[in-house]
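On the provided structure of chain A, position chain B as indicated by the hints.
Each chain, letter by letter, is given below.
There are 2 protein chains.
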Amino acid sequence: MSAPLVATPQLVEFSEPLQLRSGAVLERYALMVETYGTLNASRSNAVLVCHALNASHHVAGVGADAAQSLGWWDNMVGPGKPVDTDRFFVIGVNNLGSCFGSTGPTSIDARTGRAWGANFPLVTVEDWVDAQARVADRFGIEAFAAVIGGSLGGMQALAWSMRYPKRVRHCVSIASTARLSAQNIAFNDVARQAILSDPDFREGHYAEFGVVPRRGLSVARMIGHITYLSDDDMAEKFGRTLRVDDIQYGYGVEFEIESYLRHQGDKFAQYFDANTYLLITKALDYFDPARDFGGSLAAALAQSEARFLIAYFTTDWRFAPERSREVVRALLEVGRDVSYLEIDAPHGHDAFLLDDARYHGALRGYFEGIARRTGVAA
Amino acid sequence: MSAPLVATPQLVEFSEPLQLRSGAVLERYALMVETYGTLNASRSNAVLVCHALNASHHVAGVGADAAQSLGWWDNMVGPGKPVDTDRFFVIGVNNLGSCFGSTGPTSIDARTGRAWGANFPLVTVEDWVDAQARVADRFGIEAFAAVIGGSLGGMQALAWSMRYPKRVRHCVSIASTARLSAQNIAFNDVARQAILSDPDFREGHYAEFGVVPRRGLSVARMIGHITYLSDDDMAEKFGRTLRVDDIQYGYGVEFEIESYLRHQGDKFAQYFDANTYLLITKALDYFDPARDFGGSLAAALAQSEARFLIAYFTTDWRFAPERSREVVRALLEVGRDVSYLEIDAPHGHDAFLLDDARYHGALRGYFEGIARRTGVAA
Numbered sequence: 001m002s003a004p005l006v007a008t009p010q011l012v013e014f015s016e017p018l019q020l021r022s023g024a025v026l027e028r029y030a031l032m033v034e035t036y037g038t039l040n041a042s043r044s045n046a047v048l049v050c051h052a053l054n055a056s057h058h059v060a061g062v063g064a065d066a067a068q069s070l071g072w073w074d075n076m077v078g079p080g081k082p083v084d085t086d087r088f089f090v091i092g093v094n095n096l097g098s099c100f101g102s103t104g105p106t107s108i109d110a111r112t113g114r115a116w117g118a119n120f121p122l123v124t125v126e127d128w129v130d131a132q133a134r135v136a137d138r139f140g141i142e143a144f145a146a147v148i149g150g151s152l153g154g155m156q157a158l159a160w161s162m163r164y165p166k167r168v169r170h171c172v173s174i175a176s177t178a179r180l181s182a183q184n185i186a187f188n189d190v191a192r193q194a195i196l197s198d199p200d201f202r203e204g205h206y207a208e209f210g211v212v213p214r215r216g217l218s219v220a221r222m223i224g225h226i227t228y229l230s231d232d233d234m235a236e237k238f239g240r241t242l243r244v245d246d247i248q249y250g251y252g253v254e255f256e257i258e259s260y261l262r263h264q265g266d267k268f269a270q271y272f273d274a275n276t277y278l279l280i281t282k283a284l285d286y287f288d289p290a291r292d293f294g295g296s297l298a299a300a301l302a303q304s305e306a307r308f309l310i311a312y313f314t315t316d317w318r319f320a321p322e323r324s325r326e327v328v329r330a331l332l333e334v335g336r337d338v339s340y341l342e343i344d345a346p347h348g349h350d351a352f353l354l355d356d357a358r359y360h361g362a363l364r365g366y367f368e369g370i371a372r373r374t375g376v377a378a
Numbered sequence: 379m380s381a382p383l384v385a386t387p388q389l390v391e392f393s394e395p396l397q398l399r400s401g402a403v404l405e406r407y408a409l410m411v412e413t414y415g416t417l418n419a420s421r422s423n424a425v426l427v428c429h430a431l432n433a434s435h436h437v438a439g440v441g442a443d444a445a446q447s448l449g450w451w452d453n454m455v456g457p458g459k460p461v462d463t464d465r466f467f468v469i470g471v472n473n474l475g476s477c478f479g480s481t482g483p484t485s486i487d488a489r490t491g492r493a494w495g496a497n498f499p500l501v502t503v504e505d506w507v508d509a510q511a512r513v514a515d516r517f518g519i520e521a522f523a524a525v526i527g528g529s530l531g532g533m534q535a536l537a538w539s540m541r542y543p544k545r546v547r548h549c550v551s552i553a554s555t556a557r558l559s560a561q562n563i564a565f566n567d568v569a570r571q572a573i574l575s576d577p578d579f580r581e582g583h584y585a586e587f588g589v590v591p592r593r594g595l596s597v598a599r600m601i602g603h604i605t606y607l608s609d610d611d612m613a614e615k616f617g618r619t620l621r622v623d624d625i626q627y628g629y630g631v632e633f634e635i636e637s638y639l640r641h642q643g644d645k646f647a648q649y650f651d652a653n654t655y656l657l658i659t660k661a662l663d664y665f666d667p668a669r670d671f672g673g674s675l676a677a678a679l680a681q682s683e684a685r686f687l688i689a690y691f692t693t694d695w696r697f698a699p700e701r702s703r704e705v706v707r708a709l710l711e712v713g714r715d716v717s718y719l720e721i722d723a724p725h726g727h728d729a730f731l732l733d734d735a736r737y738h739g740a741l742r743g744y745f746e747g748i749a750r751r752t753g754v755a756a
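In order, the protein sequence lines correspond to chains A and B. For the first sequence, my numbering begins at 1 and goes up steadily by one. For the second sequence, my numbering begins at 379 and goes up steadily by one.
Excised from the complex, chain A in its bound form (with noise of 0.2 angstroms):
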């Protein structure tokens, strides 16, 4: 086991535009990057780590800034971990569009020399993997070892290896689903209504106002962890456990888990944009690879040449283990290498980001096979 990881991000800067699916031109833009491990000199050692909603480029590691945060998947990727950075070269990058450094809404638009806010384009998950193609591109990695991603992070994952065939050698996707169901889609558009109805919103140009809808992020924050955790796992931790002595007949805290997701809810709208929350949950909505194939997603998954992980836990309803297992059967449709990994664990979508050991030690052995074909020195 190394030292512990110290992260420092570094902006990469991009000048060429980058076009769209919505249509729309990014004329010039930039992402916050940081990287783990040292890239060999065959490049043949890299690793993309895709985030989900709420995560950012600070993947592993303490961070060289100011908040000194543990990276969001540390314990998967660093020094002796599943995806060893001793081995490996890990990159994370914050998606386009989000608001932790890199170019979206909060950034400013240098064509008016304000805030993007509102303005700033919706993007897909197809415009992020061809913005992280660029940072590919400018580390000269021709092809990714892996690229790996849980929840949205699997998507870019699954999206990487149909638009970029070549440049993707394995390709793992966990708890993750090639498409929303109307359920997961309904989810996301409560939560969207709560922020655009919040007065603060002030149509997406909040910031000019000084102000924040506070109000909406912290509702909408608070739908997305219910589906976060599972029915089960909330009982275990919470019950109907009270937060006060008794029952106080009012709407202030009364079950631990609404002091839960209260704080959950409050924390999210100090630190989180919410025109990034908006374009973010569209993203998600709009993926849908088969969509360009008849829906078909074999055909979809047929532009692929990646060896596969796909791997999720029974107890994840917002992407149900059954959304897995379809991306399993269109993969092994169009004859690809794939392997699956059904965790049984309680803790429901979130267990991709838990310390599971069932799940690292598959991870783990499956990083130390992808080192073997792709001759990576331990």
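Please keep in mind that the hints were generated in silico from the structure rather than gathered at the bench. The beta-carbon is built from N, C-alpha and C at its ideal position, and this holds for glycine as well. Careful, some of the hints might be misleading.
Said to hold, decoys possible - Restraint ranges, calculated between C-beta atoms of paired labels, are given here: (1) G743(B) / G239(A): 33 to 39 angstroms; (2) R750(B) / D245(A): 47 to 53 angstroms; (3) R373(A) / R669(B): 55 to 61 angstroms; (4) E720(B) / R134(A): 33 to 39 angstroms; (5) L11(A) / Q626(B): 28 to 34 angstroms; (6) R669(B) / D337(A): 51 to 57 angstroms; (7) R28(A) / F587(B): 45 to 51 angstroms; (8) K267(A) / G743(B): 51 to 57 angstroms; (9) L242(A) / E520(B): 52 to 58 angstroms.
Below, chain B alone, put in the same frame as chain A:
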């Protein structure tokens, strides 16, 4: 089959103070009531129908009021229906604190001459049952042949069996639970937060300001609505079908499911009172008869003397089958006569309101048994 029912609501006033579980006392109150069929001479054929969150006393038939709307359980209650009003005298009561004519937040508080608004005391399922018992007194009904309800209505049926054991011969609890889970409370609390944080809520005194917390109510209803439908049912009905020709890359309605949910939210916000929504969700959260018996549901249900029918639907994830099964087990444990009915229906929680031949057939048979046992002539 007799002629269609035309129901005339009547306001039943009570001037005897009602002690609420919270400690508050309501000096006087009125309940809006509708009846169907004829009370027999021995007063043995009365059935009380308890309503869920957004329903009312208007259970069956065509309302005699301006709205002329069909009762919320018209497929279950009426001449020749499973709960046959040619045989039974059926009573629907709008619950205390609701907004369809019974005393509640929208009523005038005689002490102040102004609408109660947020000053209306929180009520519990037990309080509702106490208030309903006085309606029974008024009709001279010593014991109900049956108390029946779905969802929150099913909780009232259970509470009746425990609180007034001698007055309930049969308890029919459908798609219900003996206590909300942490996840249930979580959804309720997010819905409440959406209302409470709407600037138009004005701490519950919106009526005095001539406004309505429409946005909060709409978001609350959207959240609720998602939990009423099963994932599969939503996929079947809406899937990823677009409402528009193509993706618009904006926040207007794009998917059918968005159109449906927003419509449900807007419609609800036009007719339902926000304070009522808040207090009813609290009554749901508080219901926990086992709590007074050291957590033993069996001990709580040992108070009852009724026969029970516990019915539930396989795809109901709001009140999952396991919640009903634990009621059945507790009733068996204390030697009660209990039947259970599991219906493999795709429609989730809402299935209790829908027409399903197996479900209605079983209820019809059960009520024929009730008629036999209580000596009600066909």
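So which of the earlier hints does this model not fit?
4 and 9
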